[in-house]
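Asks: Protein chains in written order, with the numbering used here: chain C, 73 to 399; chain Z, 1231 to 1610; chain F, 10 to 354.
These are calculated hints, taken from the structure and not from any lab test. You may find that some hints are simply not true.
What the hints assert, rightly or not - Computed list of chain Z residues with no C-beta within reach of chain F, every gap over 10 Å:
1. C1254
2. E1285
3. T1292
4. S1337
5. S1345
6. R1404
7. Q1444
8. L1454
9. S1470
10. V1473
11. S1516
12. P1529
13. R1544
14. V1556
15. S1564
To be verified - Below are the DMTMM-like pairs computed for lysine to aspartate or glutamate, each with C-alpha atoms no more than 25 Å apart in a straight line:
16. F:K40 <-> Z:E1408
17. F:K189 <-> C:E250
18. Z:K1380 <-> Z:D1477
19. F:K140 <-> F:D164
20. C:K83 <-> Z:D1426
21. C:K174 <-> C:D107
22. F:K189 <-> F:E55
23. Z:K1381 <-> Z:D1426
24. F:K189 <-> F:D259
25. C:K174 <-> C:D240
26. Z:K1380 <-> Z:D1400
27. Z:K1377 <-> Z:E1408
28. F:K189 <-> C:D177
29. F:K40 <-> F:D101
30. F:K140 <-> C:D177
31. C:K174 <-> C:E250
32. Z:K1380 <-> Z:D1369
33. C:K174 <-> F:D164
34. F:K189 <-> F:D114
35. Z:K1377 <-> Z:E1338
36. F:K189 <-> C:D199
37. F:K189 <-> F:D164
38. F:K189 <-> F:E322
39. F:K40 <-> C:D240
Glycine residues also receive a C-beta, built at the ideal position from the N, C-alpha and C atoms.
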Amino acid sequence: MSSVRLPRSPKVLVGVGIVAFFAILTVIGPWLAPDNPSATNFLPNLGPSGSHWLGTTALGQDIFSQLLDGARATMIVAIVAGVVATVLSVIVGVAAGYLGGKTDDGLSLLSNVFLAIPGLPLLIVIDSYLPASGRSNSFAIGLIISLTGWAWGARVLRAQTMSLRNRDFVEAARIIGESRRRIMLFEIAPNLLPVLASSFLFTTLYSIGAYVTLAYVGLTSTAVWNWGTMMYWAQANNAPLAGQWYWFVPPGICIALIGTGLALLNFGIDEFINPRLRAAGLSGKVRRASGLPRRPRLGYTPVARRSPGRVVVTPARPTPSSTNVGA
Amino acid sequence: MDSATTNLTVDELNDTVLEIEDFCVDYGWGETAVRAVNNVNLSVRRSRVLGVAGESGSGKSTLVYAVTRLLRSPGVISGGSARLTYDDPTASDVKRRTVDLMAASGSELRAIRWSQVSIVLQSALNALNPVLRIGHEFDELLKTHRKDLKKEQRHARAVELLGLVGLNEDRLSRFPHELSGGQRQRIMIALALALDPQLVIMDEPTTALDVVTQREIVNELAQLRARFGFSMIFITHDLSLLVELADDIAVMYSGNVVEWAPAGDLYSAPRHPYTLGLLNSSPPLSGERHELVGIAGAPPDLSQPLSGCSFHNRCPFVLERCSRDVPPLRILDSSGRKAACWLHDDPTTVPVALRRVALATSPGEPAPGAPMTLAREEIR
Amino acid sequence: MSDVRHEARLEARHLSRHFVVRSGHGFVRPKRIVRAVDDVSLALRERRVTAVVGESGSGKSVLARMLARIVTPTSGELVLDGTTIELGSPRDLAYASEVQLVLQDPFASINPVHRIANSLARPLAIHGIPKAELGDRMRAALSRVSLEPPERYLDRYPHELSGGQLQRVSIARALCVNPKVLLADEPISMLDVSVRLGVLNLLRGLCDDEQLAVLYITHDIASARYIADETIVMYAGNVVERSEGTALIDSPAHPYTQLLISSVPDPSDPLRRAPEIEDRAGQGIFPDVGCRFAPRCPHAMEVCRTSAPPMFEVAAGHEARCWLHESAVKVSVTRREQGGNISTT
């Protein structure tokens, strides 16, 4: 039996679609761009038209090309930061949760410190020490963002690991003589996969926000196009006041879309990864088709009778309060 | 009507607390639905104990949760009826009322639940709110259902209820985690009895407890029942415990009731191969030690289509037709006991082990194990 | 009954495990020592099943974990095949390959994310079996526990198997490194009634056919009677009664054993009296002085509250830790009193 199956929920499918769209854009976006995003070849401040779908900037650059080109840097930073932060949080979280004692005390202190420090100011401080070459390097920026983004995941993974640590299969692994490293990596970590995937998605989302913010306040290289720099230039040229919505709204929509996609994807993680959760449920579609009440009500099991030709269902009447046994 | 109650008088017939007919429960709907309870007919008589025995997946818990409409999604009741008959203390003229639980509205159900039907679950730790003191649970329950009681009266009632189950009133100020498993289960029983219900459903109440504690609780239940006369459905996988406790026992296997009989008869003279296997699966505490075989194989996966008798692939006496036709639950003899097994269709196919004469009902007859022939005309 | 051919594989001598707990609330919480296992000695012999019967809190599971060396004893010693084990030293692979433990809950003790093949291959790989042999060894292990044909199970995930099948996989995992001692901690209590006998018969068969020494831990005294060559009853960390075979079940000498047996539902014996209701208030109280069962015991005497009873021999190969049998031969004395010397009165 395959452990991976396509998700069924429409929410998840939409999420997969959005994320896949931006993933493809990451790869081919710069090639699709009709013009060089930095070249000032055109008339400035043109509105959207057939030749410039999103108009031009105050310097006469094609905004649509900037949008397509900017997808790559934004996504690369987000994915680098997401991966590195997730790896860091697994190492710190699982080690703290499984080893316990002084190791746990030390690692917990570390992650608490990182949780307590406000992320953005720290980012700005570290970033301002970067040489100019570093600021234009998506990987370097990604690494810095990951530094401020791993602590939350580590806390969650530590708590999960602590609950797994005393499970029988971990004890069974100790009995057969597994090493601690192997128990952490091969027995515990796979059971953390749903949490891990969810943590990865949200760290990625956080990284997009952090990167865009850095760019927006002008702390990344202006030579590299991303959605944040676009908004930086739009702001610097008073685009909002001039009513040039086509300059700053499209990058904002892109950020909102990818965020929505990642969040929707998160719904499907459990269904996607955990084979046991795919038990036959009553989806909304089935409920409508069978005439059962839309929402399951606690303490009121639906009764359905099959009479010839059609399904007769006793309607569930709305009640003011929950039906709690004994209370 | 093909019912267990054919040999009972009309009075006894009418004196059922709960009547379950052709009851079916599915998990899911449509093609992916899994039939968890299949055409079950059972009745609980007033002041009697119905024991329901079965393994995990037999549908025994699903049945009672569905009957009380407490089964969670994706459970759907897909057929049959369940009627509860109870004495209405508020009614002035007609005291006895019958409610069709399948047609009852949410408010009707809430009015019946706990005041007429209460449930004791296997894990008292999960059923009790960990952040509330025990006294609070009693107070809330009485406040909801007995609005006429004042605060002091509610407290007095709680103390009285604790006394019934042998607990001191100082337990009221404790949190659930401060009590032992046995004490928590006693609290659950006290809560279940708080409103003098007609029917108490016990879902494996002693399975998580030590055998000594189980014994104490079972003895207490017997005393409480003698005193208050409530009916009980007792669900467990432990057939020996049921034989001591129950008046009648229904044995369930993969959603079907495969045998129904008075407790003593079921123990001394099982009629269904599964019941026989279950009885042989518990090593005895006395007598010669010898190897027992139990039941080969494992219960069927209900999500896979099954033909014929659901037990046929584990049955030592399997006939050719068992894999083809589903055996109905039918009355076997004048005692009204029933079994769903093709072996009893033809007297010559009944193995010796399934022919024993019941001990309890006929003390003058030979001991079990002696080759006996049943009154043939009673086997249809 | 004791047979010289039954060589002791694993011996526990005066094994104890104490836990320090803090009770109450606030800043100053008094420390209390809980004697989870207190001065337990036993020998697991080849081709013999030793059953340990006890309720929750009796210390039987801690005892099994000490024997498997995943819990370190507070004091006492372990002797494996005549060699005393250094208890301070970390548990090494050699010990793991000699002594294996099967846990209670088969659904929890096998990692749900791995296929059965993976769960079986790990112990083999750890214990140095070359890759080429893994497949054959895994199939052999599954055949040993009657999972036939083995190929059908290797690629499955745990949630696709039933409880009985999983417990067999769990036993196969323990056996695949060819241990001499198999510790089974309540191996059937989570299983359906109809498959319990199969697992018990399997354990008995492995013990007889493969010279295994088996420790069978249970709360179900009837199953101990079915399988055991030697029976031990534990209460609150102490061995309160022990006998060759199942003598202590057929004629229990200790009041606790009597209570335990009379509590078991047994419809085959309708004339049996309901157990004497002991003082329930004493439940959960284990005094540090005197007999630990005294608060619940219907026969408690003055001496029971002041000094802990030693083991008395009530019959050949049958001992009970109870002052009621003082007139019998005293076979051992609790360590706390006389430093573990064996004396007779």
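Asks: Evaluate each hint against the coordinates.
Replies: Hints, one by one, checked against the model:
no., hint, result
1, C1254, "23 Å, holds"
2, E1285, "4 Å, violated"
3, T1292, "16 Å, holds"
4, S1337, "39 Å, holds"
5, S1345, "30 Å, holds"
6, R1404, "13 Å, holds"
7, Q1444, "7 Å, violated"
8, L1454, "15 Å, holds"
9, S1470, "4 Å, violated"
10, V1473, "4 Å, violated"
11, S1516, "6 Å, violated"
12, P1529, "7 Å, violated"
13, R1544, "8 Å, violated"
14, V1556, "21 Å, holds"
15, S1564, "23 Å, holds"
16, F:K40 <-> Z:E1408, "18 Å, holds"
17, F:K189 <-> C:E250, "19 Å, holds"
18, Z:K1380 <-> Z:D1477, "39 Å, violated"
19, F:K140 <-> F:D164, "17 Å, holds"
20, C:K83 <-> Z:D1426, "49 Å, violated"
21, C:K174 <-> C:D107, "58 Å, violated"
22, F:K189 <-> F:E55, "8 Å, holds"
23, Z:K1381 <-> Z:D1426, "19 Å, holds"
24, F:K189 <-> F:D259, "30 Å, violated"
25, C:K174 <-> C:D240, "24 Å, holds"
26, Z:K1380 <-> Z:D1400, "20 Å, holds"
27, Z:K1377 <-> Z:E1408, "30 Å, violated"
28, F:K189 <-> C:D177, "40 Å, violated"
29, F:K40 <-> F:D101, "33 Å, violated"
30, F:K140 <-> C:D177, "40 Å, violated"
31, C:K174 <-> C:E250, "22 Å, holds"
32, Z:K1380 <-> Z:D1369, "10 Å, holds"
33, C:K174 <-> F:D164, "40 Å, violated"
34, F:K189 <-> F:D114, "23 Å, holds"
35, Z:K1377 <-> Z:E1338, "17 Å, holds"
36, F:K189 <-> C:D199, "62 Å, violated"
37, F:K189 <-> F:D164, "28 Å, violated"
38, F:K189 <-> F:E322, "30 Å, violated"
39, F:K40 <-> C:D240, "29 Å, violated"
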